[in-house]
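S.K.: If you read the sequences in order, they're chains A and B. Residues in the first sequence are numbered consecutively from 1, following the UniProt record's numbering. Residues in the second sequence are numbered consecutively from 1, following the UniProt record's numbering.
If you are wondering where the hints come from, they were derived from the structure by calculation, not from laboratory data. It is possible that part of the hints are untrue.
Distance condition first, Cα-Cα at most 20 Å in a straight line; then the derived EDC-like pairs of lysine to aspartate or glutamate [as the list claims (entries may be wrong)]: (1) B:61 with A:55; (2) B:189 with A:160; (3) B:187 with B:265; (4) B:42 with A:43; (5) B:189 with A:43; (6) B:189 with B:96; (7) A:3 with B:265; (8) A:147 with A:160; (9) B:187 with B:221; (10) B:187 with B:259.
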Amino acid sequence: MPKTHVTMKVNGSEVERLAEPRTLLVHFLREQAQLTGTHIGCETSHCGACTIDIDGMSVKSCTMLAVQANGSEITTIEGMANVDGSLSALQEGFRMMHGLQCGFCTPGMIVRAHRLLQENPSPTETEIRAGISGNICRCTGYQNIVKAIQYAAAKINGVDYKEAAE
Amino acid sequence: MIPGPFDYHRPASVTDAIRLLADLGDEARPLAGGHSLLPMMKLRLATPAHLIDLHGIAGLKGIRRDGNRIIIGAMTTQAELLASADIGSSLPILHETALVIADPQVRYRGTLGGNVANGDPGNDMPALMLALDASYRLEGPNGAREVAARDFYQGAYFTALEPGEILTGISIPVPAAGHGYAYEKLKRKVGDYATAAAAVVLTMAGGKVATCVIALTNLHETPLLATDAANAVIGTALDDAALKAAAGAARAIMQPASDARGPAEYRKHVGGIMVMRALQRAASRAK
């Protein structure tokens, strides 16, 4: 099959490569754009490890073709830090609250939580659990992940996390 | 897992999409949200030589009101349905059902048209469309036609869509003001298809059920309209006997497969429970 030019803005930088139509977006990001933070998990749209942010939506990049992302703006886990390189509120939350264990699913969780907080800056615990329900991590009951997102929400809203928790 | 090779097409209009589909024939498949088709292609259970991506067709998007009907473009996503205040106020059961489909990431891409057109018995929206008496606009080389959702489903993955036709829109009559509604879905985990599910839309008058429609998901190879079950509760106050009669009548038409979600007898059992729960919750919401 002939390759086509695929151009997208990833984490603020233009990426232009040749890709076959069957190239999945997750493979394009990892192998063509050399951004390996987006992980390949179940490959069947269940686990959420491949979650990216595209044009204001959270999407599982294993279930989208790279050609479909032509002209899109994408943010991956590599684009989640603050502009000055310091940890974003979410990254800090995952670190402070021990929101990661092996870390394999963590990039997808953080990218998904980023969009969740854009849409709902003060989610309840129930809303957080529903919001990350497409990011299955069998290792935990999500407790520390929920705390990490609550920490980030509090920080973004300028509230002290301990006060918010009480 | 990578799909087999194919040519990718991104038409900008329905006319172009239909022309492509007609020219390329059986080897071509339309691509909507992709959450059914792309996994099948990765497993090589589907190997279309041509994919016709409908995402570039602006005319397939959007929600509008036409008199007492709501018209929804086929490529409207579940997330867009959830964000629509008009749907929330006039067709709240659509919100309730969209929320139990898969997970947020899938709902950003998954479309109403793809959900209802695929013919997968596990999809949630088809039963709802039967309950709401929706109709589908099908467009093909010979023009457009409207087919009632109640006539659309003929078998698993087998629908009234003719070769070369695309489902372009869904037209839903707005239910009576003050109607009660519920979609009760039993599933093993978030994101799963229904083990069994039931949709109910009803109206109450003087404490008794005045009108009622019940439809069932994943309890047969097509969605089912449970007419006898609905008739069993009309005129009753939804007492215990009426609920049990409805569940019994619904179970009588269920023919679920035994699968990883449970043996057929179990799925029929919980299917009846979904009917009873949906009836009670719908009645509690009726004004």
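S.K.: None of the hints should be skipped; say for each whether it holds.
M.R.: Do the hints match the structure? See the list:
1. B:61 with A:55: holds, 16 Å
2. B:189 with A:160: violated, 34 Å
3. B:187 with B:265: holds, 16 Å
4. B:42 with A:43: holds, 9 Å
5. B:189 with A:43: The given pair, whose Cα atoms are some 18 Å apart, holds under the 20 Å limit.
6. B:189 with B:96: The given pair, whose Cα atoms are some 17 Å apart, holds under the 20 Å limit.
7. A:3 with B:265: violated, 51 Å
8. A:147 with A:160: holds, 13 Å
9. B:187 with B:221: With Cα atoms ~18 Å apart, residue 187 of chain B and residue 221 of chain B stay inside 20 Å; holds.
10. B:187 with B:259: holds, 13 Å
Checked against the numbered hints above, the structure breaks hints 2, 7 and satisfies the rest.
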